[in-house]
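A.B. asks: Following the hints, put chain B in place on chain A, whose structure we already have.
Chains A and B, in that order, are what the protein sequence lines are.
Residue 695, in my numbering, is where the first sequence stops; the numbers in between run on with no holes.
Residue 380, in my numbering, is where the second sequence stops; the numbers in between run on with no holes.
Some hints could be false.
What the hints assert, rightly or not - For the chain B half of the interface with chain A, some residues (derived, Cβ under 8 Å), not all of them:
| no. | residue |
| --- | --- |
| 1 | Ala-265 |
| 2 | Phe-268 |
| 3 | Leu-272 |
| 4 | Pro-276 |
| 5 | Phe-327 |
| 6 | His-330 |
| 7 | Ala-345 |
| 8 | Ser-378 |
By construction, these hints were calculated from the structure, which means they are not laboratory data.
Cβ coordinates follow ideal geometry from the N, Cα and C atoms, glycine included.
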Amino acid sequence: MLVLFLRVVLLYLLVFVALRLTGKRQLSDLQPFDLVITLLIAELALEPATNTGVPLFYGIVPILTLFLLQNLVAYLSLKSEGVRKIACGQSIVLISKGVVEEAALRSARYTLSDLMEQLRSKDVFSVDEVAYAILETNGELSVLLKGAKQKPTCELLHIPAGESTLPLMLIQDGQVHHGALKRAGYNETWLKKQLQKAGILSERDVFFAFLTDNSMLHIQRYRSRGGNVIFFDTKGGGKERDT
Amino acid sequence: MNGKKFVCANLIACALAAAFLLFLFLYPHFVIRRLTPRLRQGAEEAKTYVLSEEWEEAEHVFSEVWEAFKEKKAFLKMFFNHEDVDELSVAFDTCGAMISVKEPQARAELARIANIVQYLYEIEAFRWYSLI
Numbered sequence: 453m454l455v456l457f458l459r460v461v462l463l464y465l466l467v468f469v470a471l472r473l474t475g476k477r478q479l480s481d482l483q484p485f486d487l488v489i490t491l492l493i494a495e496l497a498l499e500p501a502t503n504t505g506v507p508l509f510y511g512i513v514p515i516l517t518l519f520l521l522q523n524l525v526a527y528l529s530l531k532s533e534g535v536r537k538i539a540c541g542q543s544i545v546l547i548s549k550g551v552v553e554e555a556a557l558r559s560a561r562y563t564l565s566d567l568m569e570q571l572r573s574k575d576v577f578s579v580d581e582v583a584y585a586i587l588e589t590n591g592e593l594s595v596l597l598k599g600a601k602q603k604p605t606c607e608l609l610h611i612p613a614g615e616s617t618l619p620l621m622l623i624q625d626g627q628v629h630h631g632a633l634k635r636a637g638y639n640e641t642w643l644k645k646q647l648q649k650a651g652i653l654s655e656r657d658v659f660f661a662f663l664t665d666n667s668m669l670h671i672q673r674y675r676s677r678g679g680n681v682i683f684f685d686t687k688g689g690g691k692e693r694d695t
Numbered sequence: 249m250n251g252k253k254f255v256c257a258n259l260i261a262c263a264l265a266a267a268f269l270l271f272l273f274l275y276p277h278f279v280i281r282r283l284t285p286r287l288r289q290g291a292e293e294a295k296t297y298v299l300s301e302e303w304e305e306a307e308h309v310f311s312e313v314w315e316a317f318k319e320k321k322a323f324l325k326m327f328f329n330h331e332d333v334d335e336l337s338v339a340f341d342t343c344g345a346m347i348s349v350k351e352p353q354a355r356a357e358l359a360r361i362a363n364i365v366q367y368l369y370e371i372e373a374f375r376w377y378s379l380i
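Here chain A stands alone, though its shape is the one from the complex (with noise of 0.2 Å):
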């Protein structure tokens, strides 16, 4: 068993260490520690899970290596630099103020079509209205616009902005989150109001009901009870829509 440990100790090194020098165009949205851990885990589970002459041991064993392995690195990532980045690489900038880097780009494997196609997926392009690009460490791309691209803002354009808060669902599949209708600072009561402005004569007629930030109600019905959507403003009047 214990050799079997070493093995397992050994085998992701070795991955490791394979996967982080292949660059970042291998990783998604995983760290290459992450990655590692679900490219081996599902392949160690397979043999003792099918092949019945092989002890549930076998399987469990490297596992549970992987999960401390896994654990430990994530933890010394946590606590220092050095490791962090060892374990996750570090963000390279391909695009610097407007000039895109040679040396980076062929650092990070990454061909111009590939930062093209890159670009494209963030609604980009043309590299010509690119301040910075920078290849993060979960092989994601992060652009900085120049200035006279980049979208308005509120504060630039000095309108008021509403609050930010997140929508919160009321009713999903006809039952009550009283959770969220207390984070929003409702009760029932007022819930069975808004429904009852709304024509509703019970939640269970819903289908799903939700408070965005501007409070407004969306709801729709089950299409067995109609379903139509309606919006409401629960500060003001309600307006449906068919579907």
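C.D. replies: Quick look at chain B alone, frame taken from chain A:
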């Protein structure tokens, strides 16, 4: 699960995993380390009796070894590849039948038993070459 509870649960899971792994490193190794010399020495002794054609002694020694194996067979199956344990079981059965009919070829089966037992021991013992 909030952050603090998750950290606590994770720490407990790590501690349990580490303790369980430690148990798996020590317990099977400890049992096989005690079982191996018993089975190997018994097989060697039985082989000597077979060579000198002292069949009664050979049968007596072999049956003791066989019993020791039967006692630990379930344990061996739990921690070792089932095919290896089954192979050892077949070797014991064959050897038992050969000794009962006073077949001199039983010594080959006894040697096979000793080899398989040693192989099982080597799996659990730490060796640098086992890593690669």
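A.B. asks: All hints are to be evaluated individually against the structure, with a verdict given for each.
C.D. replies: Here's how the hints hold up against the structure:
1. A cut of 8 Å between beta carbons decides the hint on B:Ala-265: the least distance to chain A is about 5 Å, and the hint holds.
2. For the restraint placing B:Phe-268 at the interface with chain A, the shortest Cβ-Cβ distance is roughly 7 Å, inside the 8 Å limit, so the hint holds.
3. Below 8 Å, beta-carbon pairs count as interface contacts, and B:Leu-272 has one with chain A at about 4 Å; its hint therefore holds.
4. Against a cut-off of 8 Å between C-beta atoms, the interface hint on B:Pro-276 holds, since the closest Cβ of chain A lies about 6 Å away.
5. A distance limit of 8 Å between C-beta atoms decides the matter here; for B:Phe-327 the minimum to chain A is near 6 Å, and the interface restraint holds.
6. Hint status for B:His-330 relative to chain A: holds, with the closest Cβ pair at about 4 Å, below 8 Å.
7. Interface restraint check: B:Ala-345 against chain A, minimum CB-CB distance 25 Å, threshold 8 Å, status violated.
8. Interface restraint check: B:Ser-378 against chain A, minimum CB-CB distance 4 Å, threshold 8 Å, status holds.
The structure fails to meet hint 7 from the earlier list, while all remaining hints are met.
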